[in-house]
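Student: Below, each chain spelled out in residue letters.
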Amino acid sequence: DGGITQSPKYLFRKEGQNVTLSCEQNLNHDAMYWYRQDPGQGLRLIYYSQIVNDFQKGDIAEGYSVSREKKESFPLTVTSAQKNPTAFYLCASSIDRGYAGYGYTFGSGTRLTVV
Amino acid sequence: EDKVVQSPLSLVVHEGDTVTLNCSYEVTNFRSLLWYKQEKKAPTFLFMLTSSGIEKKSGRLSSILDKKELFSILNITATQTGDSAVYLCAVEPQTSGSRLTFGEGTQLTVNP
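Going line by line, the protein sequences match chains A and B.
The end of the first sequence is residue 115 by this note's numbering, with every number in the run present.
The end of the second sequence is residue 112 by this note's numbering, with every number in the run present.
It should be emphasised that the hints constitute simulated quantities derived from the structure, not laboratory data.
Relax, there's no trap hidden among the hints.
Facing chain A, a subset of chain B residues (Cβ under 8 angstroms, in silico): (1) R31; (2) K41; (3) A42; (4) M48; (5) A90; (6) L100; (7) E104.
Glycine included, each C-beta is placed from N, C-alpha and C at the ideal position.
Make a model of the complete structure from these sequences and hints.
Tutor: And the structure:
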């Protein structure tokens, strides 16, 4: 079955550490996205990528980095520069034309906690 | 900058009640407005509304889009405890990249 796989589901980070969240899709989607969700808030866009080897900052990119070396993979690194990283992180993918929102597919998320 | 505002942020009702969730938006070159239901993890798609499809219905859920007033509502009739979730509204612009802008969400709790 096609879909998006995020791992791990839960992640604990010590202050000052970098951690990487995995996102893999087998939907042959061109575009991939990372969103952050805090309690009582909606989804905020961190980074997105429309094509391999290219990505753009979203609304809250500071303290995060991404890469897009393969079409299927879009890992997110939460660096030590991110002062408040505890949140729920969602990865999504879509086609990059037409009514892409209709085909938005989300992963199951990674819950990151700083200890 | 695109913007989506949802209200109320939180709502508690009893089974059988009818609820109306609101979504107002500002977007450059509107393409579509989407509603999602999020129970624990991944949001699931409910409706997409566009200039050519301003009213959608599926079972007890329905939604309308007012492009003039930049507003959408999601109605749920005869609510059930399984409707308890966060309901997210998002807008998609015409520009490529298909990045959605989400509202804060409405937390709906349906009590038995």
